[in-house]
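Let the sequences and hints guide you as you build the complete structure.
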Amino acid sequence: MKNGAHISVRAYAAVFAALLALTALTTGVAFVDLGGGLNNVAALAIAVVKAVLVILYFMHVRTSDRFTWIVVGAGFFWLLILVGGVMDDLLTRNWPGR
Amino acid sequence: MSDVITVRAHQFDDLEQQHEASWIGMWIFLATEVMFFGGMFTGYAFYRAAYPQAFAAASNRLDVWLGAINTAVLISSSFTMALAVHGAETGRRKALIRFLLLTIVLGAVFLGIKFFEYHSKFEEHLVPGHSFQFEGLLARPAEIFFSFYFAMTGMHALHMVIGIGLLAVMVVKARRGRFSTGYFTPVELTGLYWHFVDIVWIFLFPLLYLVGRHL
Numbered sequence: 001m002k003n004g005a006h007i008s009v010r011a012y013a014a015v016f017a018a019l020l021a022l023t024a025l026t027t028g029v030a031f032v033d034l035g036g037g038l039n040n041v042a043a044l045a046i047a048v049v050k051a052v053l054v055i056l057y058f059m060h061v062r063t064s065d066r067f068t069w070i071v072v073g074a075g076f077f078w079l080l081i082l083v084g085g086v087m088d089d090l091l092t093r094n095w096p097g098r
Numbered sequence: 001m002s003d004v005i006t007v008r009a010h011q012f013d014d015l016e017q018q019h020e021a022s023w024i025g026m027w028i029f030l031a032t033e034v035m036f037f038g039g040m041f042t043g044y045a046f047y048r049a050a051y052p053q054a055f056a057a058a059s060n061r062l063d064v065w066l067g068a069i070n071t072a073v074l075i076s077s078s079f080t081m082a083l084a085v086h087g088a089e090t091g092r093r094k095a096l097i098r099f100l101l102l103t104i105v106l107g108a109v110f111l112g113i114k115f116f117e118y119h120s121k122f123e124e125h126l127v128p129g130h131s132f133q134f135e136g137l138l139a140r141p142a143e144i145f146f147s148f149y150f151a152m153t154g155m156h157a158l159h160m161v162i163g164i165g166l167l168a169v170m171v172v173k174a175r176r177g178r179f180s181t182g183y184f185t186p187v188e189l190t191g192l193y194w195h196f197v198d199i200v201w202i203f204l205f206p207l208l209y210l211v212g213r214h215l
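Line order of the protein sequences matches chains H and Z.
First residue of the first sequence? That's 1 in my numbering, and the numbers climb one at a time after it.
First residue of the second sequence? That's 1 in my numbering, and the numbers climb one at a time after it.
Incorrect hints may appear among the rest.
A partial selection of chain H residues facing chain Z, derived with a Cβ cut-off under 10 Å [claimed, not checked]:
hint, residue
1, Val-32
2, Val-61
3, Val-83
Stretch by stretch, here's where chain H covers chain Z in the computed footprint (C-beta under 8 Å, at least three residues) [claimed, not checked]:
hint, stretch
4, 17 to 27
5, 46 to 52
6, 74 to 83
7, 110 to 117
8, 200 to 208
It should be emphasised that the hints constitute simulated quantities derived from the structure, not laboratory data.
All values derive from a computational prediction rather than experimental measurement.
Built from N, CA and C at the ideal position, the CB exists for glycine as well.
What follows is the structure, encoded as structure tokens:
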């Protein structure tokens, strides 16, 4: 199949509605104290879901080949190494303010 | 179909191979963009973990509602961008041009709101530097938060300006009839870029505007 192949207008509209609903949800949840750092987890989890929806549907990755998936995955894998490598240092040493 | 043949560069066997090369090339570029913004996100995460109270206090000085409205505006622009690509795919030139223009308008609305927000931050002395003022003992780390705020949203806004420029070029090319159902790769790749910029904001909104409400 050709990369970036056809996705229906109906699917785009459903994704659009979901993205707006998730924006409302993340804004609303921010004003509720979930405690124990759970507000961070909720905010990031919702952002990840939104990003995945955009990547799969608006960016047509869902209808693309494995090679595309590998390139997209690699981008986020390097990001994970970057963030993970820095944060494990912060969280295991005595940095100022902690 | 003669116009379709002429858009094939000589190093490619056929249009499909040429499309694959452009498609993967764009995704590799976007992977480097993930790392570019990733550096700033990592820096933000580091300092936020180091100074959680100061970052929360500074974050609460941002206008959540303007941030939420801008998120909705940008998501809408991604939707119209997707519809523009769909118009190109299905050979409806008028729909393509209309949705490209709509995407430009929504992008401009986003930048307008952003400009208004920047202006009020200047007035409230929240721009890092000599005039920076912040009540209490957390002023220094709060200044770090605003450094990240301006660096990240500023870089994001610059990407939007570039995106609007690309969209304008696509409008001109579409008007001149440069695209067909067999060839609309530039529109498609401009779409990928626009959606990527949308994704950056999808993360900036909660990290800058929301996480300060409750630690």
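Hints, verified against the model:
{"no.": "1", "hint": "Val-32", "result": "8 Å, holds"}
{"no.": "2", "hint": "Val-61", "result": "9 Å, holds"}
{"no.": "3", "hint": "Val-83", "result": "5 Å, holds"}
{"no.": "4", "hint": "17 to 27", "result": "holds (count 5)"}
{"no.": "5", "hint": "46 to 52", "result": "holds (count 5)"}
{"no.": "6", "hint": "74 to 83", "result": "holds (count 7)"}
{"no.": "7", "hint": "110 to 117", "result": "violated (count 0)"}
{"no.": "8", "hint": "200 to 208", "result": "holds (count 5)"}
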